[in-house]
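Letter by letter, the chains look like this.
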Amino acid sequence: MTVDTQTPQQREQVKTIFEKSHPGRRAATLPALDVPARSLDELIPAVSRRASPPALPEISEPEIVRHYNRLSQRNFDLDSGFYPLGSCTMKHNPKLHERVAALPGNARLHPAQVPARAQGALELMWHLECALSEIAGLPHVSLQPSAGSHGELAGVLLTRAYHEDRGEHRTKVLTPDTAHGTNPATVTMAGYEVVKVGTAPDGGVDVDDLIAKADEQVACLMLTNPNTLGLFDSNIAEIARIVHGVGATLYYDGANLNAIMGVTRPGDMGFDIVHFNLHKSFTQPHGGGGPGSGPIAVSERMEPYLPRPVLVRRHGDERAGSAGSGDVAGTTGGDRAGAENGDRPGSEPAFYELDFERPKSIGRLRGFQGNYGVFVRAYAYICSLGADGLRDVAETSVLNANYLLARLRRAGVAEYLPVAYDRLCMHEFVLSGAPMKRELKIRTLDLAKRLLDHGFHPPTVYFPLLVDEALLIEPTETETRETLDAFADVIAEILREAREDPEIARNAPYSTPVRRLDEARAAKHPVIRQRR
Amino acid sequence: MLAEIGVDSIEDLFADVPDDLLLGRELDLPPGRTEAEVYEHLRALAERNVSTERETCFLGAGMYDHYVPALIDSILSRSEFLTPYTPYQPEVSQGGLQVMFEYQTAICELTALPVANASMYEGPSALAAAGYLAKLANGRPRMLVSRGVHPHSRETLETLAVGYGTTVEQVTLRDGVTDREALTNALAGDVSAIFLQQPNFLGAVEDIAPLAAAAHEHGALVVCACDPLTLGVLAPPGECGVDVAVGEGQTLGNRLDFGGPSFGFFAATEEHLRRMPGRIAGETVDADGRRGFVLTLQTREQHIRRERATSNICTSQALNALGGVIYLSWLGRRGIVELGELLAQRTAYARDTLSALPGVSALHDQPVVREFAVHLQAPVEAVLERCAAAGINAGYALGRDDPELADGLLIALTEQRSRADIDRLADVLGAAVAAELEHVGTRA
Chain P
888 MTVDTQTPQQ REQVKTIFEK SHPGRRAATL PALDVPARSL DELIPAVSRR ASPPALPEIS
948 EPEIVRHYNR LSQRNFDLDS GFYPLGSCTM KHNPKLHERV AALPGNARLH PAQVPARAQG
1008 ALELMWHLEC ALSEIAGLPH VSLQPSAGSH GELAGVLLTR AYHEDRGEHR TKVLTPDTAH
1068 GTNPATVTMA GYEVVKVGTA PDGGVDVDDL IAKADEQVAC LMLTNPNTLG LFDSNIAEIA
1128 RIVHGVGATL YYDGANLNAI MGVTRPGDMG FDIVHFNLHK SFTQPHGGGG PGSGPIAVSE
1188 RMEPYLPRPV LVRRHGDERA GSAGSGDVAG TTGGDRAGAE NGDRPGSEPA FYELDFERPK
1248 SIGRLRGFQG NYGVFVRAYA YICSLGADGL RDVAETSVLN ANYLLARLRR AGVAEYLPVA
1308 YDRLCMHEFV LSGAPMKREL KIRTLDLAKR LLDHGFHPPT VYFPLLVDEA LLIEPTETET
1368 RETLDAFADV IAEILREARE DPEIARNAPY STPVRRLDEA RAAKHPVIRQ RR
Chain R
35 MLAEIGVDSI EDLFADVPDD LLLGRELDLP PGRTEAEVYE HLRALAERNV STERETCFLG
95 AGMYDHYVPA LIDSILSRSE FLTPYTPYQP EVSQGGLQVM FEYQTAICEL TALPVANASM
155 YEGPSALAAA GYLAKLANGR PRMLVSRGVH PHSRETLETL AVGYGTTVEQ VTLRDGVTDR
215 EALTNALAGD VSAIFLQQPN FLGAVEDIAP LAAAAHEHGA LVVCACDPLT LGVLAPPGEC
275 GVDVAVGEGQ TLGNRLDFGG PSFGFFAATE EHLRRMPGRI AGETVDADGR RGFVLTLQTR
335 EQHIRRERAT SNICTSQALN ALGGVIYLSW LGRRGIVELG ELLAQRTAYA RDTLSALPGV
395 SALHDQPVVR EFAVHLQAPV EAVLERCAAA GINAGYALGR DDPELADGLL IALTEQRSRA
455 DIDRLADVLG AAVAAELEHV GTRA
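Those protein sequence lines, which keep their order, are chains P and R. Its first residue numbered 888, the first sequence is counted upward by one per residue in this note's numbering. Its first residue numbered 35, the second sequence is counted upward by one per residue in this note's numbering.
No lab work stands behind these hints, which were simulated from the structure alone. The beta-carbon is built from N, C-alpha and C at its ideal position, and this holds for glycine as well. Any given hint could turn out to be false.
What the hints assert, rightly or not - Stretches of chain P that chain R covers, calculated by requiring three or more beta carbons in the stretch to come under 8 Å of a beta carbon on chain R:
(1) 971-979
(2) 1040-1046
(3) 1304-1310
With these hints in hand, go ahead and build the complete structure from the sequences.
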């Protein structure tokens, strides 16, 4: 008799919640009609009425709970294991943050509540703006963008507004060939042509190529520093000079900010616009693909174009009707985020409000004030860590990455997985799986899938595009040395196993709820909804 | 660890940062605090906000104080949903991917449109994204947006349209709904898309089909923002000639959160499938023939197609969309109709009751289902202040967005606002208007 070694999850015949629907079942109970009943025909004209109900599930509460709990068990998650997904900063999400975000004064605060009755929320946003301003080294902040790519769009639209205000109609935006895909996609959406800048042998921007391409038609250079190879570009001051020399703006993609918080600042490097990923450096849980938040910090010359509305702080006599006056976050010096009292000595209490009188603003990027629930978590994180804690984050993330790189070397993997650029890295590094593919006959994808059988989430794979068979590994500061050691040993073990039998990795994974999925079939014959 | 790396100090690891770029001091932030201290600081801040638990709230204008059932909190707080990244490794992300598939199905059912993506940031930016889809679809230079569309959505559309090079023109309202004649006059062969909202910003139910037909005569796309919670009673956009339906998903089991995070939805006709922005989950099979789900049609997306992508969106609102599909399952096929009918009845009752007050009249006579607008003879902000003092948030001052509607007040209903609440609103609002009129009279 053979033993079935499948797990219950693997044996389960997966059904959607629609397939579990049974006529007549329900979960919700609603209030009874408590006003005089009128005929619906009288209330809603027939042409605007729905003829038959939408085919939503009919299912009881216990069955809903069980359905989604079982589905959750088919996910790998950060709270259960190592998740070194490069460029994504999968660091621990402190549990306090969920508690404070759920306080009724936050969770049940209506976004159109008048400022006088939302002072706590506006003050929190103010402190967060001040902290982000200080971390970026740039004086002005807008919290409005909803994610990194939304912040990028804000930044490029600000750039457009800035140039057009000066009567210039520029046509191109430069992005390095190592850039995140969101950069070029944003450039197109903002109506510019993408021009790629090459990468030098040391992994930084090819300065000669930049000089050749930087002309008066260039509106902006979008850069990540440390870049997507995990390397700090030491030429950044020169790059800034070149870009500013042709009148263009310099944009900082903040995906990799975690590596430098409190060590060096984009504003000091010469960047005009920075976006933050609060879901990366500032611990908003990723939620399986959001929510995030992508605030931007900008230099003085970009300030007039910030999205509307802008949060301002006024003091006593400045209230009511004094639009345009008042403090703007970051300009007031010494107004430290998290300080219990933002009031000036001897003056009336500060009052926070939203300024809509912004004639040069690019306008809104979304409704209301932004992803406030994410601001609460990011602010709680900054309060917990403080100045020294944030610097410690950067240092430890860089230490962990370099340690893991060294440990991988010692485990003997460098022969098959050489580091793409043999320098000290910042918070992440890139290995090339090209020798592994050649010598061991397994691809980076196979290595990634085999890692799943060892209980690790794989690194980012096949990015950056510049490196053949790339693995982008970001351990973050919240992992222990033991975890890094175990990961290095598992990589070595998978390579050893492949030397003996590459088929094992090629057919991996084996222990997951499903095995390798047919993505080509999904794209060729898209089934993207349940058919009735 | 430093020895393993082969350096002497942490500073050595930052050798690539030029000395003159090192901050060389601590960030100007307060020192770190204990968890208890941080909790207390944030609790004290939150205490200074007047939430919907502390007043009877008739505010709407895009987000609504609906009850969020406890099972949503319970499921969303599971780390397996809360803490993963976007499902790049489908073998260990089947939970999240199946949720996306179920969510897409629910949105298709609600809107009666055949394709939906896995979520957008929120409502107004989803509408603006539909503008970019129209630009990709026909490249025409003009877009027409009804003034019945939420002012935040109109402004967001304008912000983005500057980038993709399309002009946006506003179409006026007549008697509270989109002026069909004005729309027809503005339509021409160079119009890329028209933008409508159902119910519109003033709460009025629009007759969408003839507006859509007029647009289609000129080959323009029809984009309609919908409140998904009204789609149990209102004709779905897919049956009214709408090409792209978008909207704010907050009403579906998401908290108010002072405006976010919530989610936006995006559904369209089949022909736009390959122009859709954002993630889309699709069904497939694994190596053993088992059913499974993956991210699909990724050649639309930024990480593959880069500058030729149909959108730059990457992280969106997966967790909030999960809240949405749980809510729709909780409400169910009958619940969404019952809730829609309850809201329509209460809204009609509230409009009749308030319009009967001296100094208060309906701003329009169009059908309403969850929100309605009134005209006050007394200054709106002052009336709202008086109501707030009595523990009632009476609604949204329309003058905040539009000076022409300075005497307008927008009042929203949810299942949490009972007849008793409405009657109390009538008492308080009536008294406030009377007091303000008397106040004005005294001054005069």
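Against the structure, the hints come out as follows:
1. Only residues whose beta carbon comes within less than 8 Å of a beta carbon in chain R count, and the region 971-979 of chain P has 3; three or more means the coverage holds.
2. For the region 1040-1046 of chain P, the proposed coverage by chain R is satisfied: 3 residues have a C-beta within less than 8 Å of a C-beta in that chain, meeting the threshold of three.
3. Here's how the region 1304-1310 of chain P fares: 1 of its residues keep a CB closer than 8 Å to some CB of chain R, so the rule of at least three is not met and the hint is violated.
Hint check: a violation occurs at hint 3 only; the rest are consistent with the structure.
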